[in-house]
Amino acid sequence: MRREGHRFRRIGLLGLGAMGCSLGLALRRIGTLQVTGYDPSPAGRRALARGAVQNLAGSAEEAVAQADLVVLAMPAHIIVDEMPHLAAMVTEGTLVTDLGSSKKVILEAAAEHLPATVHFIGGHPMAGTEKAGAGAGDGGLFAGHAWVLCPPATETGDGLRRLEALIVSLGAVPVVMPAAHHDRVLAAISHLPQLAAVALLNVIGGGGNPQEMIALAGGGFRDMTRIGGSSYEMWQGILKTNAAQVRQALTSFIGCLQAMEHELAAGGREPLAAAFRSARATRDLVAPKVLPDDGEA
Numbered sequence: 359m360r361r362e363g364h365r366f367r368r369i370g371l372l373g374l375g376a377m378g379c380s381l382g383l384a385l386r387r388i389g390t391l392q393v394t395g396y397d398p399s400p401a402g403r404r405a406l407a408r409g410a411v412q413n414l415a416g417s418a419e420e421a422v423a424q425a426d427l428v429v430l431a432m433p434a435h436i437i438v439d440e441m442p443h444l445a446a447m448v449t450e451g452t453l454v455t456d457l458g459s460s461k462k463v464i465l466e467a468a469a470e471h472l473p474a475t476v477h478f479i480g481g482h483p484m485a486g487t488e489k490a491g492a493g494a495g496d497g498g499l500f501a502g503h504a505w506v507l508c509p510p511a512t513e514t515g516d517g518l519r520r521l522e523a524l525i526v527s528l529g530a531v532p533v534v535m536p537a538a539h540h541d542r543v544l545a546a547i548s549h550l551p552q553l554a555a556v557a558l559l560n561v562i563g564g565g566g567n568p569q570e571m572i573a574l575a576g577g578g579f580r581d582m583t584r585i586g587g588s589s590y591e592m593w594q595g596i597l598k599t600n601a602a603q604v605r606q607a608l609t610s611f612i613g614c615l616q617a618m619e620h621e622l623a624a625g626g627r628e629p630l631a632a633a634f635r636s637a638r639a640t641r642d643l644v645a646p647k648v649l650p651d652d653g654e655a
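Take any residue in the sequence shown, count from 1 to its spot, add 358: that is its number in our numbering.
Simulated from the structure, these hints should not be mistaken for laboratory data. Incorrect hints may have been included.
[As the list claims (entries may be wrong)] Restraint-style ranges between C-beta atoms, simulated for each label pair: (1) Y590 <-> Q616: 18 to 28 Å; (2) G564 <-> D642: 32 to 42 Å; (3) A557 <-> A602: 35 to 45 Å; (4) R367 <-> E513: 17 to 27 Å; (5) A504 <-> E621: 44 to 54 Å; (6) S399 <-> G565: 48 to 58 Å; (7) N560 <-> H620: 36 to 46 Å.
We put the CB at the ideal spot given by N, CA and C, even for glycine.
Using the sequences and the accompanying hints, generate a full structural model.
Right, here's the structure in full:
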């Protein structure tokens with residue numbers, strides 16, 4: 359299954375930033391695929407120079423003209439905006455997927471604009487980098503990671519099976535789930551941690567002498583703030599397209615912090631003991647083999 363089953367031959371890759379370039383490099387390792395990319399920014403030529411695509415098209419229309427699979431490797435809000443234009447480009451029978459971090463709005467845009475003869479399956483590889491641009495592309499980025507697929511209710515199964523086979527050939531693990539569920543989960547495990555890191559760094563930055571604080575910081579601080587350096591341009595579309603779920607996650611998080619503050623203010627004998635025990639139990643339950651067993655940082 360690693361080398362056959364997907365039956366794709368020509369792939370049109372729209373967007374050659376970090377994720378698009380990573381996918382192109384990973385696809386090139388399969389060896390039997392013709393990958394044509396398009397990106398009007400300098401990332402396009404950088405991806406071509408790195409070997410992520412065999413051909414760099416002069417337009418999106420050229421990139422998808424002969425493709426049997428089209429991959430939209432752009433920020434989620436741009437994918438939504440470009441869906442009407444894509445509808446005029448793709449030919450009957452083409453399978454289209456994406457790498458966007460929000461799924462519900464993208465599937466809704468696809469259902470509204472793409473013709474019934476074009477099959478769309480939402481996708482989101484659960485791997486990435488806080489760095490941007492084709493220079494951050496990594497052909498091994500997806501290996502061993504989950505790759506969420508969100509098929510529409512009209513999907514008959516063949517397109518999904520082919521896409522799953524391609525994902526397996528890249529060393530990733532396909533996971534099928536509804537788009538709305540994906541957005542709820544990602545708001546909690548990805549989007550909320552990003553905002554928490556941003557908030558923590560802003561607290562430190564507003565503390566009067568951030569250099570002194572950071573000079574004393576240990577591994578725990580580094581772990582919690584690594585993603586705080588991510589570019590707003592990369593996150594803008596995620597926050598716009600999954601705003602409702604992110605707000606819900608923030609409300610829960612703020613409520614938890616407020617409960618902690620109230621408990622500390624009450625001056626109990628064991629402040630926050632229950633919160634620590636509950637957090638540890640959840641950590642041990644969901645990731646006993648993934649997260650390191652570190653103590654005080």
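A quick look at each hint next to the structure:
{"no.": "1", "hint": "Y590 <-> Q616: 18 to 28 Å", "verdict": "holds, 27 Å"}
{"no.": "2", "hint": "G564 <-> D642: 32 to 42 Å", "verdict": "holds, 35 Å"}
{"no.": "3", "hint": "A557 <-> A602: 35 to 45 Å", "verdict": "violated, 20 Å"}
{"no.": "4", "hint": "R367 <-> E513: 17 to 27 Å", "verdict": "holds, 21 Å"}
{"no.": "5", "hint": "A504 <-> E621: 44 to 54 Å", "verdict": "violated, 36 Å"}
{"no.": "6", "hint": "S399 <-> G565: 48 to 58 Å", "verdict": "violated, 37 Å"}
{"no.": "7", "hint": "N560 <-> H620: 36 to 46 Å", "verdict": "violated, 23 Å"}
Violation of the numbered hints given earlier is confined to hints 3, 5, 6, 7; the remaining hints are satisfied by the structure.
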